[in-house]
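Engineer: Please construct the entire structure, taking both the sequences and the accompanying hints into account.
2 protein chains.
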Amino acid sequence: MIRHIVLLTWTDDATEEQKAAVEKGLAALPAVIPELRRYELGSDLGLAGAGNADFGIVAEFDSVADFEVYRDHPQHHAVINEHIVPIRKARTAIQFEV
Amino acid sequence: MIRHIVLLTWTDDATEEQKAAVEKGLAALPAVIPELRRYELGSDLGLAGAGNADFGIVAEFDSVADFEVYRDHPQHHAVINEHIVPIRKARTAIQFEV
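So the protein sequences, as listed, match chains A and B. For the first sequence, the working numbering begins at 104 and goes up steadily by one. For the second sequence, the working numbering begins at 104 and goes up steadily by one.
Because the hints were derived from the structure by calculation, they are not lab data. Since no wrong hints were added, every one of them can be taken at face value.
Listed next, the in silico DSS-like pairs over lysine-lysine satisfying Cα-Cα at most 30 Å (straight line):
| no. | chain 1 | residue 1 | chain 2 | residue 2 |
| --- | --- | --- | --- | --- |
| 1 | A | K192 | A | K127 |
| 2 | B | K192 | A | K192 |
| 3 | B | K122 | B | K192 |
| 4 | B | K192 | B | K127 |
| 5 | A | K122 | B | K192 |
| 6 | B | K122 | A | K192 |
| 7 | A | K122 | A | K192 |
Structural biologist: Printed below as a string of structure tokens:
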């Protein structure tokens, strides 16, 4: 199983509406990308002091090929370009085998 | 359920032995911290181009209180201080509700 994680930090002037649009856009992806076996989206609870990211994405795929379908899917790219990029200050990601 | 994620990037001179010591130290924690409901450790597969972290930790807890037991556990701190800090170039984390 492939675990894919993205942690995002928003710009200081990102609005609640912009952040909500990211979550709404991503939440629509499992319906159009069946390769997404599990998909968690969440905003930081701030339990561990400073230095945390603001928003996390945790996805699960059966294979690298399935991850690549998601990675390259046009509706995914639309969410990235229209909603994430305008308020993205920092991004860290990883893919590992579980 | 609380999802806790840490993404780490190692220093350029980190050795394979040092990286293995991190994984070994962390992998011993579920046996001493039963609050850890699920614990995934993995090294980046490099499927998404540049900018990925090197190592990821994904943990699951039933509650914030359980997360805090892990966060503050002395054996966890020993792994951080003895094995992670010496080779840590960057760290990003998040905790969110699932």
